[in-house]
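Engineer: Next come the chains, spelled out residue by residue.
Number of protein chains: 2
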Amino acid sequence: MDISTPALLLDLKKVRRNTKAMTARLASKGVNLRPHLKTAKSLEVARLAIEGNFGGITVSTLTEAEFFFAQGITDIVYAVCIAPSKLDRAADLTRRGAGLKIIIDSVDLAVAISGHGGQFRVLIEIDCGEHRTGLDPDHADLLEIARLITDSENAELSGVLTHAGQSYNCRSVQDIRQTAQIEHDAVLLAAARIKKAGYACPVVSIGSTPTVTFGDDFSGVTEARPGVFVFYDLFQAGMGVCSEKDIALSVLASVISNRPEHQQVLIDAGGLALSKDRSTGALDTDFGYGLVCDALTGLPESGLIVDSVHQEHGNIHISDVDTLAQFPVGRRVRILPNHACMTAAAYDGYYVVDGNDIVAEWPRCNGWK
Amino acid sequence: MDISTPALLLDLKKVRRNTKAMTARLASKGVNLRPHLKTAKSLEVARLAIEGNFGGITVSTLTEAEFFFAQGITDIVYAVCIAPSKLDRAADLTRRGAGLKIIIDSVDLAVAISGHGGQFRVLIEIDCGEHRTGLDPDHADLLEIARLITDSENAELSGVLTHAGQSYNCRSVQDIRQTAQIEHDAVLLAAARIKKAGYACPVVSIGSTPTVTFGDDFSGVTEARPGVFVFYDLFQAGMGVCSEKDIALSVLASVISNRPEHQQVLIDAGGLALSKDRSTGALDTDFGYGLVCDALTGLPESGLIVDSVHQEHGNIHISDVDTLAQFPVGRRVRILPNHACMTAAAYDGYYVVDGNDIVAEWPRCNGWK
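Taken in order, these protein sequences are the chains called A and B.
Residue -16 is where the first sequence starts when you use our numbering, and the numbers rise one by one after that.
Residue -16 is where the second sequence starts when you use our numbering, and the numbers rise one by one after that.
Heads up, some of the hints might be wrong.
No copy is singled out in the list; a pair is fine if it fits within one copy or between any two copies.
Within a straight-line C-alpha distance of at most 30 Å, the following computed DSSO-like cross-link-like pairs (lysine-lysine) qualify [as the list claims (entries may be wrong)]:
1) -3 x 179
2) 352 x 178
3) -4 x 352
4) 228 x 352
5) 3 x 228
6) 178 x 228
7) 178 x -3
8) 352 x 179
9) -4 x 228
10) 12 x 352
11) 178 x -4
12) 228 x 179
13) -4 x 179
14) 3 x 179
15) 12 x -4
16) 3 x 178
Note that these hints are calculated values from the structure, not bench results.
Let the hints inform the model, and build the full structure from the sequences given.
Structural biologist: Below, the structure is given as C-alpha cells:
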C-alpha cells in the first residue's frame, strides 16, 4: 500500500459482514434497522448499511443530514436534541424534500417549533437511564410536549426515541440484556402514555450496538439505531459485543524510531491519528491507545499496544530485544482503535482495502458547518 | 454571532498579544523564534507568529509543510522523525525551492537519505529526557549519523534539535527552569560532540512553550520552537505558563437540554468538538473537558466545567437551582479547552473574533494527505 502514513484503512469484507449480520438480526426481530452514520459519515458505508433495509438512517449533525440528503438518502433522524438556532437549517432540509425528523426533550423547544415558520417532524427523546438528554418516561412534560407538537399546524409528532448509552458501562452480556430490557420498557412506557392521552406515536425507536445485539424483547419497537457495529472497535470487542476479527477500521502507521536502550518503538500515529479516547482503560484488557497489528495480515503482534501518545507520535513499549528488532524504522503496522467513532473523525476519508489492495477511497463528512 | 454551533473561536487580540510577548522574550535572549504551527495549522496565525522574527516555522506534518510553502513560507523544520517512505515527498518540496529541514535519530535513516536521489537538509534529534524520539546526547550513533550525512553528496548536516516535552510533567516554575537547563545542556553537549569531531553544526534548536517561557540559559542556542503559546489553554494556565485570560481559543456551544431533576445542562459540544484530551486531570485543578464561560464576555461561569462527554454532547453538572436556571435551552457558552492542539484539530477553520464580532474566517490544514 503505497500511501502516506498515518492513514485510515477500512476492510471492505468486514464492513459487509458486519452490516449483513446486523440487518439479519434485526429482520429476525421484525425491527427496522436505521443505522447511525455518526461513526462512518460516509455515503458508501451508508449504502452498505441500508442494503436490505427500509432505507432510513440516523445522523448526529445537520452537516451529516445535508450530506446524505444531497446524495439521495431522504429518511433521516437527527438524533441529538436540536438547538433552537438550528431550526432554520432543519426546516430548510424539510422544505427541500428531506423526510427529516428532529428530537427534543423540552417544552421550550416545543414552543419554539410551534412558533417557527418551518415544517417539522418531531420525536420526543426519552431518558432510559443514561442520564444524557431526554425526558424520564414518567415526566409530566411528556404529555405537554406531545400536546404542543400535535396541536401545532407546522409540526407532526412522529413518536419517541431513546438510547441506552449506559450499556457501555455493562461488563457482562447479562448486564447488557438487562439494560436492553430497561431501554425497551422505558420507551414503551412513554409511548403508552402518549397514546393513552390520545396522541399519535407511530415511531418507537431504540438503539445502541450492545443492547440491539443482545436484547431479547423488541415488542412494540419499530426501529433500532445502532452505529458502531459497521466498524466495531476494541471497546466493543472488550465488552464481548464483537470479536477482534470483526474490527473493520485500522490506522496504517510507520515506525519512525527504534530505541533498544529505552525499550521502545515510535510510530507516526499519535493523539491526532488515533484519538485520545481511552475507553478500554475501563475494561479488563486495557489497549492503551490501540492494538498493534501486522500491516499485511492485520493480525495482532503478540499483544503489543500503543501505550502513550503525543500529537504525532505513538509509543510502543517493547522489553524483548528480539521483538524490538522486528520493528525497524520504516516498517508499517496497523493499529486497531479503542473507539472507531473518535479515531475515524481525524480523517477526511477512508482507504478501502480488500486484503492488501486499496480498492477505493471513500470521503467522510466531518465537522458542523 | 450568528453561526452554527459547535464552532471554533479565535480571539484576535489575544493571539496578537501572545505572539508579540513570545517574540519579545526570545529577542531579549538573542534566540530566533521558529514557531511550531502544529497547534494553529493556519497561514494567518503563522504570519502573526513570525512577525518581527526571521520568518522560519516548525511543522508536525508534511501536509503542513506543503501548505505553508504553497503560501510563500519557505524556511520550514519538519520536527517529527521522518519515515523512509516520506523522503520522496520531502525531496519534492526541496526541489521546488523549500528550505525544508528534516529530522532523524537513526543510522538507518542516514543511510536511506544518502542513498536517495533527492536533496536534504538534516537535523539530528536529541533526546533531552522526554524519551520520545531522539538520540541520547552521548549516544555513539550521533557521530556516525553526523559522518554519514556530512559525507553524503545529496545531504547537508544542519545541526541538532531537541524538545523538552517532559516539561509538561513539571508542577512548579522551578521544575520547569530545571528542565529548561537540562534541555539546554543536552542539546549543547550533542552539538559540542559533533563540532569536536569536525562536522558542522550551525543550528542548535530547542523548544517547548514551558521551557522557553521560564528558561534562563540560552547560550549557544540558535532557535526555539514553542507552539501552543499562540493560543495557550487550560493545561498551560494550570502549569502557570500563562493565565486563563491569555487563552485565545474557545468552542462556542449551545445549550440543548436543561434538566433540573438531574442537576445537569447539556451542550452541543462533546468529545469531537472539545476532544477527549484530559490533560488537566493531572493538575491541581481538573477542568474535565473544558471550562464554561459566558459567550459574550468570555469570562468563566463560577467554575462550571464540562464534566463528561459523548460524541456530540457535553454534560455540565449544576447542583444549584438558580445557577441551572441561567442556562436555558438555546443559551450559548464558550468552552475553554484543556489542550488547544487537540481541540482545534476537529475544525477546518477558525472564526476570528474581536470582542463579539466575527472579523474573519481562517482555514486550517488538517490531516496527513
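Engineer: Would you mind marking each hint as holding or not holding in the structure?
Structural biologist: Against the structure, the hints come out as follows:
1. -3 x 179: Classified as neither; 44 Å inside a copy, 57 Å across copies.
2. 352 x 178: neither (37 Å within a copy, 53 Å between copies)
3. -4 x 352: Between copies only: 25 Å across chains, 32 Å inside a chain, cut-off 30 Å.
4. 228 x 352: Answer is between: at 28 Å across copies they meet the 30 Å cutoff, but 35 Å inside does not.
5. 3 x 228: within (16 Å within a copy, 53 Å between copies)
6. 178 x 228: Answer is neither; intra-copy 44 Å and inter-copy 53 Å both fail.
7. 178 x -3: Classified as neither: same-chain Cα gap 41 Å, cross-chain 55 Å, threshold 30 Å.
8. 352 x 179: This pair counts as neither: shortest intra-copy Cα distance 41 Å, inter-copy 56 Å.
9. -4 x 228: within (11 Å within a copy, 51 Å between copies)
10. 12 x 352: Neither. Shortest intra-copy (37 Å) and inter-copy (43 Å) distances fail the 30 Å Cα cut-off.
11. 178 x -4: neither (43 Å within a copy, 56 Å between copies)
12. 228 x 179: Close neither inside one copy (47 Å) nor across copies (55 Å); limit 30 Å.
13. -4 x 179: Answer is neither; intra-copy 47 Å and inter-copy 58 Å both fail.
14. 3 x 179: neither (37 Å within a copy, 66 Å between copies)
15. 12 x -4: within (25 Å within a copy, 59 Å between copies)
16. 3 x 178: Classified as neither; 34 Å inside a copy, 64 Å across copies.
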